[in-house]
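For reference, each letter of the sequence shown is one residue, going -29 to -1, 1 to 41 in mature numbering (1 follows the signal peptide of the UniProt record, and there is no 0).
Keep in mind that the hints were calculated from the coordinates and are not lab data.
Every residue gets a Cβ at the ideal spot worked out from N, C-alpha and C, and that includes glycine.
Mixed in with the good hints there might be a few duds.
Stated by the list, open to error - Quick list of the computed label-pair ranges, beta carbon to beta carbon:
{"id": "1", "residue 1": "Val22", "residue 2": "Leu(-12)", "range": "19 to 25 Å"}
{"id": "2", "residue 1": "Arg(-20)", "residue 2": "Val23", "range": "32 to 38 Å"}
{"id": "3", "residue 1": "Arg(-20)", "residue 2": "Tyr27", "range": "30 to 36 Å"}
{"id": "4", "residue 1": "Trp2", "residue 2": "Gly(-25)", "range": "49 to 55 Å"}
{"id": "5", "residue 1": "Gly(-25)", "residue 2": "Val29", "range": "55 to 61 Å"}
To be verified - SDA-like cross-link-like pairs, simulated, lysine to any residue; straight-line CA separation at most 20 Å:
{"id": "6", "residue 1": "Lys11", "residue 2": "Val29"}
{"id": "7", "residue 1": "Lys11", "residue 2": "Ala25"}
{"id": "8", "residue 1": "Lys11", "residue 2": "Asp26"}
{"id": "9", "residue 1": "Lys11", "residue 2": "Arg(-15)"}
{"id": "10", "residue 1": "Lys11", "residue 2": "Val(-16)"}
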Amino acid sequence: MRRGGVVMLRLTVVRFLLWPLLLAPGTTAVWLNLPASGTKCVSEEIQPNVVVIADYVVTSDGADIALQTI
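Please model the complete structure; the sequences and the hints are all you need to start from.
Have a look at this one:
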């Protein structure tokens, strides 16, 4: 009887700890404001065995269309 109670307690604790992860929103975009002059550098640290899919678009202030997709 005691063992079943310990298992249930562990499951409850795990559910309590994992619940916020399910409610956290994912990131779909990142906006970077870069200075108009000077060198611009954007880098990413990609971990081993991780698939990364990205689409970069360069735009100009006041422009409604993308100037270049990288």
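Hints versus structure:
1. Val22 / Leu(-12): 19 to 25 Å: holds, 23 Å
2. Arg(-20) / Val23: 32 to 38 Å: holds, 34 Å
3. Arg(-20) / Tyr27: 30 to 36 Å: Since Arg(-20) and Tyr27 have Cβ atoms about 44 Å apart, the given range 30 to 36 Å is violated.
4. Trp2 / Gly(-25): 49 to 55 Å: holds, 50 Å
5. Gly(-25) / Val29: 55 to 61 Å: Hint holds: Cβ distance 59 Å, inside 55 to 61 Å.
6. Lys11 / Val29: Cα-Cα ~12 Å, so holds.
7. Lys11 / Ala25: Given that 20 Å is the threshold and the Cα spacing comes to 18 Å, the pair holds.
8. Lys11 / Asp26: Measuring from Cα to Cα gives roughly 17 Å; hence the hint holds.
9. Lys11 / Arg(-15): violated, 44 Å
10. Lys11 / Val(-16): violated, 44 Å
Going through the hint list in order, the structure does not satisfy hints 3, 9, 10.
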